[in-house]
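Participant: Same order as they appear, the protein sequences are chains A and B. Per the numbering used here, the first sequence starts with residue 1, numbered consecutively. Per the numbering used here, the second sequence starts with residue 1001, numbered consecutively.
Treat each hint with caution, since some may be false.
Unchecked claim - Keeping only pairs whose Cα atoms sit at most 25 Å apart, straight-line, the calculated BS3-like set for lysine-lysine is:
| hint | chain 1 | residue 1 | chain 2 | residue 2 |
| --- | --- | --- | --- | --- |
| 1 | A | Lys154 | B | Lys1575 |
| 2 | A | Lys279 | B | Lys1737 |
| 3 | A | Lys9 | B | Lys1245 |
| 4 | A | Lys119 | B | Lys1737 |
| 5 | B | Lys1391 | B | Lys1009 |
| 6 | A | Lys153 | A | Lys237 |
| 7 | B | Lys1724 | A | Lys294 |
| 8 | B | Lys1724 | A | Lys9 |
| 9 | B | Lys1766 | A | Lys75 |
| 10 | A | Lys266 | B | Lys1762 |
| 11 | B | Lys1143 | B | Lys1053 |
| 12 | A | Lys290 | A | Lys279 |
| 13 | A | Lys153 | B | Lys1741 |
| 14 | A | Lys91 | B | Lys1575 |
| 15 | B | Lys1500 | A | Lys279 |
| 16 | A | Lys266 | B | Lys1766 |
| 17 | B | Lys1431 | B | Lys1009 |
| 18 | B | Lys1500 | B | Lys1587 |
| 19 | A | Lys153 | A | Lys119 |
| 20 | A | Lys75 | B | Lys1762 |
| 21 | A | Lys240 | A | Lys290 |
By construction, these hints were calculated from the structure, which means they are not laboratory data. Keep in mind that this is a model prediction, so the values were computed, not measured.
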Amino acid sequence: MTGTIFDIKRFAIHDGPGIRTSVFIKGCALRCLWCQNPEGQSLKPVLWYFPNRCIQCAECIAVCPEDSLSSAGDKSHFINIDRNTCTTCGKCAEACPTTALSIIGEKVTTEKVVAELLKDRLFYEESGGGITLTGGDPLFQPEFSLSILKEIKKYKIHTVLETGMYASAETIKKFIPYTDLFLLDLKLFDDDLHLKYTGVSNVIIKQNFKILAAEKQNILVRVPLIPGYTVNAENLKKIKRYVSEIRSDIPIELLNFNPLARDKYKILGVPYDLAENKKLFSAEEMESFKQLIKD
Amino acid sequence: MSNDRIEDKLLHLLPAIDEFRLTDRNSAFKSRVINAKRFFSVEQALLITESYKENENKPKIIRRALGLANSLRNISISIEKDELITGNRSMGVRDGIVFPEAGISWIKKEIDSLPSRDQDSFNVRKKDRKLFFDEIVPYWEGKTLEDFIFDGFGDRISTISKVVKINQKDHAQGHIIPDVAAWLSEGPQGIKRRAEEAISGTEDIKKLNFLKSVLIALNGSIFFIKRYSDLAFKKAGESTDREQKKNYNGIGRICKNLSEKPAETFREALQSVWFLFIILHLESNASSFSPGRADQYLFPYFKKDIMSGELLPEDALELIESLFINFNKIVYMRNYSSAKYFAGFPIGFNITIGGQTGEGKDAVNLLTYLFLKAQEHLGLPQPNLTARLHKNSADLYIDACSKVIGLGSGMPQIVNDESIIPSLERIGISKRDAFDYALVGCVELSTQGNNLGWSDAAMFNLLKVLELTLNNGVCLITGDKIGLGTGTLTDYKTFDELLKAYKSQLNYFIDKMITAVEFVDRAHAEILPSPFLSSVVNNCIRKGLDVTAGGAFYNLSGIQAIQVANIADSLAVLKQLVFDEKRISKKQFLDALRNNWRDDNQLRQMVINHIPKYGNDVEWVDNLGAGWVEYFSEQLEKYKNCRGGIYHMGLYTVSAHIPMGENAGASPDGRVSGSPLADGGMSAMYGRDRLGPTAVLKSISRINSLNASNGALLNMKFLPSVFKDREERQKFNSFLKTFVKLKIHHIQFNVVSKKTLLEARKDPEKYRNLTIRVAGYTAYFTELASDLQQEIIKRTAHEV
Chain A
1 MTGTIFDIKR FAIHDGPGIR TSVFIKGCAL RCLWCQNPEG QSLKPVLWYF PNRCIQCAEC
61 IAVCPEDSLS SAGDKSHFIN IDRNTCTTCG KCAEACPTTA LSIIGEKVTT EKVVAELLKD
121 RLFYEESGGG ITLTGGDPLF QPEFSLSILK EIKKYKIHTV LETGMYASAE TIKKFIPYTD
181 LFLLDLKLFD DDLHLKYTGV SNVIIKQNFK ILAAEKQNIL VRVPLIPGYT VNAENLKKIK
241 RYVSEIRSDI PIELLNFNPL ARDKYKILGV PYDLAENKKL FSAEEMESFK QLIKD
Chain B
1001 MSNDRIEDKL LHLLPAIDEF RLTDRNSAFK SRVINAKRFF SVEQALLITE SYKENENKPK
1061 IIRRALGLAN SLRNISISIE KDELITGNRS MGVRDGIVFP EAGISWIKKE IDSLPSRDQD
1121 SFNVRKKDRK LFFDEIVPYW EGKTLEDFIF DGFGDRISTI SKVVKINQKD HAQGHIIPDV
1181 AAWLSEGPQG IKRRAEEAIS GTEDIKKLNF LKSVLIALNG SIFFIKRYSD LAFKKAGEST
1241 DREQKKNYNG IGRICKNLSE KPAETFREAL QSVWFLFIIL HLESNASSFS PGRADQYLFP
1301 YFKKDIMSGE LLPEDALELI ESLFINFNKI VYMRNYSSAK YFAGFPIGFN ITIGGQTGEG
1361 KDAVNLLTYL FLKAQEHLGL PQPNLTARLH KNSADLYIDA CSKVIGLGSG MPQIVNDESI
1421 IPSLERIGIS KRDAFDYALV GCVELSTQGN NLGWSDAAMF NLLKVLELTL NNGVCLITGD
1481 KIGLGTGTLT DYKTFDELLK AYKSQLNYFI DKMITAVEFV DRAHAEILPS PFLSSVVNNC
1541 IRKGLDVTAG GAFYNLSGIQ AIQVANIADS LAVLKQLVFD EKRISKKQFL DALRNNWRDD
1601 NQLRQMVINH IPKYGNDVEW VDNLGAGWVE YFSEQLEKYK NCRGGIYHMG LYTVSAHIPM
1661 GENAGASPDG RVSGSPLADG GMSAMYGRDR LGPTAVLKSI SRINSLNASN GALLNMKFLP
1721 SVFKDREERQ KFNSFLKTFV KLKIHHIQFN VVSKKTLLEA RKDPEKYRNL TIRVAGYTAY
1781 FTELASDLQQ EIIKRTAHEV
């Protein structure tokens, strides 16, 4: 079977226990304003342009069949992309000597992904690690994601599914037999705010959370700390209370804000709400947030 | 592990050591040593010259011994109040010693640039400059090792110098682990008695001269140690401070004992070790006399004193740290070219800790941890601390190593019993000796106390030979024909034809190199026999033969193959782009190389970015590198060295990837002419390993480590956050354990500093492998916008 991924990262050390390889499955139902992987939102491939790698050879302009690429000669940003006409056929990326132009989003077979994942088996075994499906959201291509997990489980490798749980109950249940640990994102407790900032209601998310909890799955809840959105005492406390009422043994991890994502928006030419001066929270701030969700 | 075993190794005392701190005394000693200004020194040169003049007609080996003895009897010595362990080979700390027997021509040429040169400079006093020209030069001109080699073989060495760097041409070769255990247990007196017994059993004049020279050297050594005793008592008498008086008297008694008998206490043993290395440097002025497995041979002394209550563990640590600081007193003055190949004074006091006993049991003891603690406290460049791991190494020990690595001194470097021991056994080293291996200098492998490894005989530039293969033997930089006329790239119809020609060129240069190395080896036996060193290397006394002439039990010669990454990458480009896909014509490609990519940046970028590279776990590319390294190793092993041993291969450079890169023209891997080769030894070309550290290890594991019995080196960079706490370190620790399973010889870690990140901003292409790990997100540092890079830099600096 085939599906679309936008990255595979080896030596992932923050996506579950041990040393892991993470597969970034493309596509997501949510449109969080702060999304740190905006290139993974749409299922469609995306054309990236890194101006600092460009050597201004204009080879890409010459090969583009749609005339979507042009240049005004500005050396600091040599190529302009007309995203309305670009079909992301990838000819420019092939011709680009420096990979300043790259297509993000590759159609690959399950076999190819699994072969890549098996390369670091020794490291998984030694570290108690394994593989992690993330994204985007792996549930956006459920059959493909499931096919990877099923195949990987044949090798008795530890699996993690990181998801925002926006899928049908039937879909999410299919993952239970092949997932050793669920990393579940809960961002905003209030449904109106959730709808406003992520584009979808969290009713279905909460239902799925209950299902996984009831099925006695191994769960780690992760809350991204987004200044101005998710970081306030009320939201964090409500999430904490909600989770412990359902199952008191489920731990919650707070993920520090990642200011690095800002760059990707620039590259993609998409406006970004958190562009201005938002920093990592200090160790002291992180501690105070942790206090909020203490039992 | 049963209880009594823990106590055997004193590991029940381990929990206390976390409380130990660097003492004020050692802190003062440390800053005095590292802040000392370096000076050019002729004192010993004058003493040697005086002795040579007085003994014109004596045999060479006797004159060498007398020159050493004159130095031992008369060189100025000092003891400072902050020293628990004392001694040096010169009055000044970190002096650059003129050593006339080895070479002065280079000094004559370079003396006036010594203070200002950009690498490893030395101040020169006017008085010393004058003495050098008035007293040293007139006597020694034409008589040194350097002159002997230059006159006899200089032309032949220079014809291959673009391909091969022949080492040890103007200095003694060092690179040896003496039998420290015997030096401690017998003392110079005990060794002297063995030499006297040997004398009474022989009538062979050569043997007699050798053994007499050993006695001269040992008598001088005993006198030298006694001088320290006398000076210490004198200083005690002059001192008014009670604490200082006590320390001086202590030193006086220790040195007196050591001048009369073997070491008995732990402190005596440490002082005795330092005297041994001082005397070796006085005799040879060479790089890389290494103490070897000090945590093993010192342990009986340590345990005895701890058990009897004479010594507390924290006092033992203070003594160890004092010894460690002493190791930084000696640097070695090289000529400018050599200083670039071996930059930053890698004097090579390599101490190897941990590993296994001769019976294959875990050898870690409380001293092992105290040595790590000393490195944690001091973070000095010497000793070069090496930790042996094996498949059953304890998690606690691995984590103790990781913790110190995370502090960023680059130490301990990690070596792997699981690959090194089999590689040593393969070349005929006994199982017992192989299990007892330690490192010499930087990463060279050796047995202890019985092996002249000559591990740094030469460095061979594999990439330069490929250049000559592509260009009919003509150097792309000078236009001189230095290789065989096997044709140019355009003449080779298939990739295999190219490889066949590469083989002939390799064989041609290997043969020329061996002849040159052999000449140099013989020259050392002729000009620089080393009786004192011979007295602490088995079986020189028994054989009646100097170590330079083959007196050691093992006699090896090590040649470094440089660099596997550039060869793999270059051949992969030629194979895929030029021969298989034919995306570019051979002529066009050759022209691009000849023009140093001048008008072909597009092609160069295509080569760099679109063809898979070594270090990314791509089997066919890695195998190209691994295959040629194996071929090189097989060719070397066809030769025997003049001491009756074999040639074998190493995969390391110190800083030689820079000057060896200067010798190489534009290469098919996209490298521009004159720029550095891949660093380390087995590392990928900088910035081209883009899949993270696990992929790098997988690539390297395709090289057959059994062939690299002379040593191998891998550098890797990590951000400080990886070492943040025990939980984070667990992942790093399992990375190390997997490294052990993958049977790779060596790995050392640079913890990325603010400085590195600043460099990465300036030169992104070099640093494209620097990854920033964030949950569910990854980016390469060099792809970040500059303000974000700034953010990371701030964060990193903070974490350091």
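Participant: Taking the hints in turn, state whether each one holds.
Facilitator: Status of the hints after comparison with the structure:
1. Lys154(A) to Lys1575(B): Distance of about 37 Å is beyond 25 Å: violated.
2. Lys279(A) to Lys1737(B): Violated: Lys279(A) and Lys1737(B) sit about 36 Å apart, past 25 Å.
3. Lys9(A) to Lys1245(B): Violated - the C-alpha atoms of Lys1245(B) and Lys9(A) are around 63 Å apart, more than 25 Å.
4. Lys119(A) to Lys1737(B): holds, 16 Å
5. Lys1391(B) to Lys1009(B): Distance ~20 Å between Lys1391(B) and Lys1009(B) Cα, so the pair holds.
6. Lys153(A) to Lys237(A): The hint is violated at about 36 Å.
7. Lys1724(B) to Lys294(A): holds, 23 Å
8. Lys1724(B) to Lys9(A): Holds, because 22 Å separates the two Cα atoms, which is no more than 25 Å.
9. Lys1766(B) to Lys75(A): The hint holds at about 21 Å.
10. Lys266(A) to Lys1762(B): holds, 21 Å
11. Lys1143(B) to Lys1053(B): holds, 13 Å
12. Lys290(A) to Lys279(A): holds, 18 Å
13. Lys153(A) to Lys1741(B): Measuring from Cα to Cα gives roughly 23 Å; hence the hint holds.
14. Lys91(A) to Lys1575(B): Since the Cα atoms of Lys91(A) and Lys1575(B) sit roughly 24 Å apart, the hinted pair holds (cutoff 25 Å).
15. Lys1500(B) to Lys279(A): violated, 58 Å
16. Lys266(A) to Lys1766(B): Distance of about 24 Å is within 25 Å: holds.
17. Lys1431(B) to Lys1009(B): Holds, because 24 Å separates the two Cα atoms, which is no more than 25 Å.
18. Lys1500(B) to Lys1587(B): Status holds; Cα separation ~19 Å.
19. Lys153(A) to Lys119(A): The hint holds at about 15 Å.
20. Lys75(A) to Lys1762(B): holds, 17 Å
21. Lys240(A) to Lys290(A): Holds. Lys240(A) to Lys290(A) sits at ~11 Å (cutoff 25 Å).
In this structure, the hints that do not hold are numbers 1, 2, 3, 6, 15, in rising order.
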